[in-house]
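There are 4 protein chains.
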Amino acid sequence: MPRCGKIGQRIRGERLIEHSSNRPLGFAWQLRVYYQDTDAGGIVYHARYLDFMERARTEWLRVIGIDLPRLACEQERMFIAVSVTIDYLKSARLDDMLTVSSHPEKVARTYIDLNQNIFCGSTQVTRGRVRIACVNTKNMKPTRLPGEFSQSQ
Amino acid sequence: MPRCGKIGQRIRGERLIEHSSNRPLGFAWQLRVYYQDTDAGGIVYHARYLDFMERARTEWLRVIGIDLPRLACEQERMFIAVSVTIDYLKSARLDDMLTVSSHPEKVARTYIDLNQNIFCGSTQVTRGRVRIACVNTKNMKPTRLPGEFSQSQ
Amino acid sequence: MPRCGKIGQRIRGERLIEHSSNRPLGFAWQLRVYYQDTDAGGIVYHARYLDFMERARTEWLRVIGIDLPRLACEQERMFIAVSVTIDYLKSARLDDMLTVSSHPEKVARTYIDLNQNIFCGSTQVTRGRVRIACVNTKNMKPTRLPGEFSQSQ
Amino acid sequence: MPRCGKIGQRIRGERLIEHSSNRPLGFAWQLRVYYQDTDAGGIVYHARYLDFMERARTEWLRVIGIDLPRLACEQERMFIAVSVTIDYLKSARLDDMLTVSSHPEKVARTYIDLNQNIFCGSTQVTRGRVRIACVNTKNMKPTRLPGEFSQSQ
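Residue numbers (numbering that gives the first Met the number 0), protein chains in the order written: chain X, 0 to 152; chain S, 0 to 152; chain U, 0 to 152; chain W, 0 to 152.
Incorrect hints may have been included.
Unchecked claim - Here are the computed lysine to aspartate or glutamate pairs in the EDC-like style, where the Cα-Cα straight-line distance is at most 20 Å:
#1 S:K89 / U:D112
#2 W:K137 / S:E73
#3 S:K137 / W:E75
#4 W:K137 / S:D86
#5 X:K89 / W:D86
Said to hold, decoys possible - Far from chain W, by Cβ distances over 12 Å, these chain S residues were calculated:
#6 T37
#7 H45
#8 D86
Since the hints were derived computationally from the structure, they do not count as laboratory data. All C-beta atoms, glycine included, are put in the ideal place defined by N, C-alpha and C.
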């Protein structure tokens with residue numbers, strides 16, 4: 000069941016709420032929980048948080064200057080998830096406005112380790128760590144990260 | 000495969016882009032297409048458009064003053080889909096910024112007929128018509144729409 | 000909330016339960032409702048039924064002899080949804096075993112109209128009609144249905 | 000893009016393929032990859048593997064004797080994910096038939112640690128570890144596992 004007595008939120012829509020200029024140091028993306036994200040337990044279905052993290056990650060890449068369709072078309076490269084670790088600390092619910100952070104912990108030659116945490120107001124909902132690797136779209140072999148990352152370090 | 004040569008879009012995030020004051024006449028919600036929304040055909044998976052329409056519908060209800068968790072908790076009422084008709088006119092792709100409209104065509108005692116169309120720029124992607132009904136959360140029987148609708152007509 | 004007092008079902012798994020030899024006349028696919036398919040209203044989220052219908056349709060195509068990856072790779076053709084109409088008659092819930100039918104109503108040169116209904120036991124849950132078209136994977140233009148369909152008529 | 004030249008698989012449907020009598024020692028669930036599970040990279044979208052793992056876990060619980068709707072209704076208890084760790088070793092693709100294992104590594108008073116690996120034929124696709132806890136549906140507090148687990152040890 001949805002939560003009763005929740006505090007009204009005036010912020011509308013999915014959006015960027017902070018980022019540190021052009022350096023990939025910290026980034027937060029805000030999004031809303033809809034019925035489509037919840038399950039019959041009355042809470043956000045656990046796999047949906049990975050979808051939320053992908054949205055925040057994509058917007059973080061956009062801020063750095065990465066255009067994913069262009070990366071795939073012009074350079075035959077894409078990012079894929081190599082590993083995900085997620086701890087579910089609290090349950091988000093229908094209509095919650097969540098903030099998803101993306102903090103790169105390590106930028107290697109072919110992959111990035113990101114810390115991605117999700118908050119509902121000041122309450123931490125999940126703690127996540129994701130490794131994404133840049134691969135060739137044809138053979139799926141690891142390949143160098145786009146040039147934007149060498150510039151940003 | 001993602002589309003090549005697409006025009007860059009500077010608008011960020013999921014958000015309200017227009018609505019006609021407090022009367023439920025017209026409303027548009029903007030959202031981005033991520034990998035999670037696409038399929039191996041390189042296009043948005045056809046059922047995901049219904050998710051997009053739900054997001055726009057929920058935000059339209061919010062503008063009218065409907066708080067879905069409160070409606071469920073305090074009044075034991077919720078909206079359910081009764082029927083959906085959707086025509087797929089063009090295929091949206093990764094990273095497209097879509098605009099989802101919500102225009103109530105008919106507001107009856109227990110249900111609403113909505114026209115919900117999706118656009119990518121000036122190109123119409125889908126044409127949709129949805130009937131949502133207000134039901135009792137316990138017995139799923141149709142019940143009167145929330146008071147906000149009688150005020151808005 | 001999940002349904003109480005439901006009748007136990009001994010059938011396990013997602014599977015074909017009937018089909019009429021090699022002619023595309025009737026086909027039923029059985030699948031289970033998991034938490035991932037439900038929402039906070041305690042029922043199957045309305046867009047998930049389209050996912051169920053795709054599974055049943057794919058298995059129906061398999062019976063006819065269509066191998067979708069091969070169709071895409073060797074013939075650069077795929078099926079896309081052109082339109083969907085669905086009426087939600089009853090709400091399916093967690094753990095329900097559903098039967099999804101696929102009955103071709105019309106097989107044209109480039110598209111097929113299918114009736115796809117979903118049942119929970121003897122109760123009809125949804126009534127659906129889907130048009131799928133065969134398109135070229137590169138330019139998305141309509142193209143002839145695979146040869147299996149001319150043989151089957 | 001879907002994989003070319005894949006070996007045909009005659010096995011149909013989602014189903015149980017092995018389990019060790021009534022003791023929760025090992026269990027494998029088989030399921031098919033559909034367009035709905037893939038993304039524009041041509042591979043299974045990384046979060047969908049968590050959905051596959053939930054299906055296998057639910058069927059493993061069923062074998063042990065746990066009926067999730069009954070657990071929620073009669074005992075006001077449900078299982079929630081506490082943590083997930085997943086390594087993506089290979090990419091599954093459209094139409095692959097996957098086998099998802101569920102091996103309980105630890106059964107504690109209120110939670111279970113499961114190893115859940117996914118295979119495509121003899122190729123391991125993902126390696127996963129999931130902790131699920133039994134909680135009260137009202138207050139989300141941890142509670143004892145259902146009696147079936149004390150019997151099974």
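Non-interface claim for S:D86 versus chain W (Cβ beyond 12 Å): 19 Å, holds
Pairwise hint evaluation, W:D86 against X:K89, where the allowed Cα distance is 20 Å at most: Distance of about 24 Å is beyond 20 Å: violated.
Hinted pair W:K137 and S:D86, Cα distance within 20 Å: The given pair, whose Cα atoms are some 41 Å apart, is violated under the 20 Å limit.
Straight-line alpha-carbon gap S:K89 to U:D112, limit 20 Å: 19 Å, holds
Restraint status (C-alpha distance of W:K137 to S:E73 at most 20 Å): 16 Å, holds
No chain W beta carbon within 12 Å of S:T37's: 4 Å, violated
Proposed proximity, W:E75 with S:K137 (alpha carbon, max 20 Å): Roughly 16 Å separates the two Cα atoms, so the pair holds.
Separation of S:H45 from chain W, once the least beta-carbon distance is taken, above 12 Å: Since the minimum Cβ distance to chain W is about 9 Å, S:H45 lies within 12 Å and the statement is violated.
Taken one by one, the earlier hints fail for this structure at numbers 4, 5, 6 and 7, listed in ascending order.
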